[in-house]
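*Asks:* Let the hints inform the model, and build the full structure from the sequences given.
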Amino acid sequence: MPAHHQSLTWSKNMSEHHKSQGKRLARRESALKKADPRLKIIAVVVWSFLLALTEQIGAAMAGLAGSVILAMISGLPAKDILKRLLTVNFFILFLWLVLPFSFSYPGEVMARLGPLEITRQGLRLTCLLTIKGNAVALGAIAFFGASSVFELTAAARRLGAPEKMTAIFVLMFRYVQVIGQECARLRLAMKARGFKPSMSMHSYRSYANLIGMILIRSLDRASRIHAAMRCRGYNGRFWLSGEFNFKKIDWALGSLMILLICGVLAFAFV
Amino acid sequence: MHISEGVLSAPVLICGAALALGGMAKGLRAVGEDDIPKAAVLAAVFFVASLIHVNIGPGSAHLILSGLIGLFLGWAAFPVIFAGLLLQGILFQFGGLTVLGVNTFNMAFPAMALGLLLRKGINSQRKAAAFAAAFICGGGSILLSSLLVALALFLTGREFKFVALEIMLANLPIMIIEGLMCALVVGFLAKVRPALLTGEALGFEKPAKA
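Residue numbers (numbering that gives the first Met the number 0), protein chains in the order written: chain A, 0 to 269; chain B, 0 to 209.
None of these hints come from the bench; they were simulated from the model.
Given the structure is predicted, the values throughout are model-derived calculations rather than measurements.
Hints are not guaranteed to be accurate.
[As the list claims (entries may be wrong)] Taking lysine to any residue and the SDA-like style, the derived pairs with C-alpha atoms no more than 25 Å apart in a straight line are: (1) A/LYS195 x B/ILE175; (2) B/LYS190 x A/ALA188; (3) A/LYS33 x B/ALA163; (4) A/LYS33 x A/SER101; (5) A/LYS190 x B/ILE55; (6) B/LYS160 x A/PRO114; (7) A/LYS247 x A/PHE149; (8) A/LYS78 x A/GLN55; (9) A/LYS33 x A/ALA64; (10) B/LYS25 x B/LEU196; (11) A/LYS78 x B/PHE91; (12) A/LYS195 x B/PRO57; (13) B/LYS190 x A/GLU181; (14) B/LYS160 x A/LYS33; (15) B/LYS160 x B/ALA16; (16) A/LYS33 x A/THR165; (17) B/LYS126 x A/MET212; (18) A/LYS190 x A/ILE215; (19) B/LYS25 x B/LYS160; (20) A/LYS78 x A/CYS126; (21) B/LYS119 x A/MET212; (22) B/LYS190 x A/LEU209; (23) B/LYS25 x A/ALA155; (24) A/LYS246 x A/GLY232; (25) A/LYS78 x B/LEU86; (26) B/LYS160 x A/GLY113.
[Unchecked claim] Under 8 Å between C-beta atoms, here's a sample of chain B residues computed to sit facing chain A: (27) ALA9; (28) VAL44; (29) VAL47; (30) LYS160; (31) PHE161; (32) GLU165; (33) MET167.
[What the hints assert, rightly or not] Pairwise CB distance ranges (calculated): (34) B/LEU171 x A/PRO114: 24 to 30 Å; (35) B/LEU20 x A/TRP95: 32 to 38 Å; (36) B/ALA194 x A/ARG231: 25 to 31 Å.
Beta carbons are placed, not taken as given, at the ideal position from N, Cα and C, and that holds for glycine.
*Replies:* In structure tokens form, the structure reads like this:
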């Protein structure tokens, strides 16, 4: 259903993946990219919750403006950002289908659309949710687009995330590439044998066989990974590399975040 | 099945996060140090599988396979589904941080419960019974998850009841496909590698032998 799932392309090997990911996520050096990932995690969590819980349209608009500033200092190409926001708005479309109308939100009728009545309260709520949704998403796009997954995981570990959780996450991220390639290869083989997806039992059975096959191969792979880890002295500790230091740019980013948060709060309480 | 950000109220978000944290703590305890590669690889498999789109009527939907996750992982479904949702949020960069707890619980709890409940069923000697158990596990997980999504919306405000209804209806065809896919995958494994479906291979509740 969501179109973004297709946007992920698997590259041929890990190093190539890093290169292409580096290119895709942050083409230019940027303030947000250079900032301490620990600060980025805290900032994006606080910022997301603050905006998600906003009840006033004014505060939500201030949040959206703040997220636009964050997107500007992220150094991400505007086209990529807009493409991702489109996905978010696809979900918000579901709200617009029912929420503004009197049958789901009774209130003061302000306009009619055929047999449907649009209520002031319903329309206000839908607008608020749309602005909030976009503001939160834009902020997250800016922060995550300007960080690498490994950097974020190491920072999360340093901030106290459980070791097993971060280990599962890092290994999963690595093997999503490998298993993704394997899946692509098997699907290419299916296509070469004339498989055309349709709404038929044959089609579903073929997909189920594909998934079953990947499951078997991957579980075999898991025991090889475990053996390889043991060979390298794995004893339950899972090390993540990452040097963190709080630099001048972090003080600047921290101050900016406090400023933006105060801005949103000012709109919320005035 | 995702709830977009900024919709749910604070109490619902906090409740969801607390429940998800509890489930994750129990799930992580079940995963021993030597089980980490297996858990991570299974997480990767289900992540990759969720990128596969299958045809339903005129459109298509991506697979979720939460029932299968529950069968294979039990309580460990919590950390694995959390990791999947988080990676989705970071990789496709639409975030989802504030709803991560609610979404994790909504997906992982039904998967875990049905997975643990039906593990014996999928190993039934009678083929029809095994098929039915796997179908219920796959379809039932989606059904219960969409009910939990509807509940989260309903607890936020009465005005969301039609949005909740919309989500339930949109999930009906997905429920059937998921049930079917879960049953077919289990059927394939029963033929090709039945050892994977036995009690010792499924889940992490017992310490794995090195």
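*Asks:* It remains to establish, for every hint, whether it holds in the given structure.
*Replies:* Status of each hint after checking the structure:
1. About 21 Å separates the Cα atoms of A/LYS195 and B/ILE175, which keeps this hinted pair within 25 Å; it holds.
2. Between B/LYS190 and A/ALA188, the direct Cα distance comes to roughly 22 Å. Compliance with the 25 Å bound is thereby established for this hinted pair.
3. Taken as a hint, the A/LYS33 and B/ALA163 pair is broken in the structure, with Cα atoms around 42 Å apart against an allowance of 25 Å.
4. Between A/LYS33 and A/SER101 the CA atoms are separated by roughly 49 Å; this puts the pair beyond 25 Å, and the hint is violated.
5. With a C-alpha separation of about 19 Å, the suggested pair A/LYS190 and B/ILE55 falls inside the 25 Å cut-off, and the hint holds.
6. For the suggested pair B/LYS160 and A/PRO114, the alpha carbons sit about 20 Å apart, so the restraint of at most 25 Å is met.
7. Distance hint between A/LYS247 and A/PHE149 is fulfilled; the C-alpha atoms sit about 23 Å from each other, no more than 25 Å.
8. At most 25 Å may separate the alpha-carbon atoms for a hinted pair to count; A/LYS78 and A/GLN55 exceed this at roughly 29 Å.
9. Proximity of A/LYS33 to A/ALA64 is assessed by CA-CA distance (about 22 Å); at most 25 Å being required, the pair is judged to hold.
10. Proposed proximity of B/LYS25 and B/LEU196 is supported: the alpha carbons are some 23 Å apart, at most 25 Å.
11. Distance check on the hinted pair: A/LYS78 and B/PHE91 sit about 14 Å apart at the alpha-carbon level, within 25 Å; holds.
12. Our distance criterion of 25 Å between C-alpha atoms is met by A/LYS195 and B/PRO57, whose separation comes to about 15 Å.
13. Only pairs whose Cα atoms come within 25 Å are accepted, and B/LYS190 paired with A/GLU181 is accepted, the gap being roughly 22 Å.
14. For the suggested pair B/LYS160 and A/LYS33, the alpha carbons sit about 44 Å apart, so the restraint of at most 25 Å is broken.
15. Restraint check: the Cα-Cα separation between B/LYS160 and B/ALA16 comes to about 22 Å, which is no more than 25 Å; the hinted pair holds.
16. Taking the CA atoms of A/LYS33 and A/THR165, the gap is about 22 Å. The hint holds against a cut of 25 Å.
17. As the CA atoms of B/LYS126 and A/MET212 are separated by approximately 20 Å, the hinted pair is consistent with the 25 Å bound.
18. A distance of roughly 21 Å separates the Cα atoms of A/LYS190 and A/ILE215; the hinted pair therefore holds under the 25 Å criterion.
19. Distance restraint check for B/LYS25 and B/LYS160: the Cα-Cα separation of roughly 33 Å exceeds the 25 Å cut-off, and the hinted pair is therefore not satisfied.
20. Only pairs whose Cα atoms come within 25 Å are accepted, and A/LYS78 paired with A/CYS126 is accepted, the gap being roughly 24 Å.
21. Taking the CA atoms of B/LYS119 and A/MET212, the gap is near 22 Å; set against the 25 Å cutoff, the hint holds.
22. With a CA separation close to 14 Å, the supplied pair B/LYS190 and A/LEU209 stays within the 25 Å bound.
23. Restraint check for B/LYS25 and A/ALA155: the C-alpha separation of about 20 Å stays at or below 25 Å, so the hint holds.
24. Note on A/LYS246 and A/GLY232: the hinted pairing is violated, with a Cα-Cα distance of about 35 Å set against a maximum of 25 Å.
25. A distance of roughly 22 Å separates the Cα atoms of A/LYS78 and B/LEU86; the hinted pair therefore holds under the 25 Å criterion.
26. Distance check on the hinted pair: B/LYS160 and A/GLY113 sit about 22 Å apart at the alpha-carbon level, within 25 Å; holds.
27. A hinted interface residue such as B/ALA9 counts as satisfied when its beta carbon comes closer than 8 Å to some beta carbon of chain A; here the least separation is about 5 Å, so the hint holds.
28. Because the smallest distance between the Cβ of B/VAL44 and any Cβ of chain A comes to about 5 Å, under 8 Å, the interface hint for this residue holds.
29. The interface hint given for B/VAL47 is met, as the beta carbon of that residue sits about 5 Å from the closest beta carbon of chain A, less than 8 Å.
30. Satisfaction of the interface hint for B/LYS160 is found here, the shortest Cβ-Cβ separation to chain A being roughly 7 Å, below the 8 Å cut-off.
31. With its C-beta approaching chain A no nearer than about 4 Å, B/PHE161 sits inside the 8 Å limit, and its interface hint holds.
32. Annotation: B/GLU165 was flagged as interfacial toward chain A, and the flag holds, the nearest CB pair being 6 Å apart, inside 8 Å.
33. The restraint placing B/MET167 at the interface with chain A is violated, with a minimum CB-CB distance near 12 Å, outside the 8 Å limit.
34. The hinted range of 24 to 30 Å is satisfied by B/LEU171 and A/PRO114, whose Cβ atoms lie roughly 26 Å apart.
35. Taking the beta carbon of each, B/LEU20 and A/TRP95 are about 33 Å apart, inside 32 to 38 Å as hinted.
36. At roughly 28 Å, the beta carbons of B/ALA194 and A/ARG231 sit within the given window of 25 to 31 Å.
In summary, the numbered hints that this structure violates are 3, 4, 8, 14, 19, 24 and 33.
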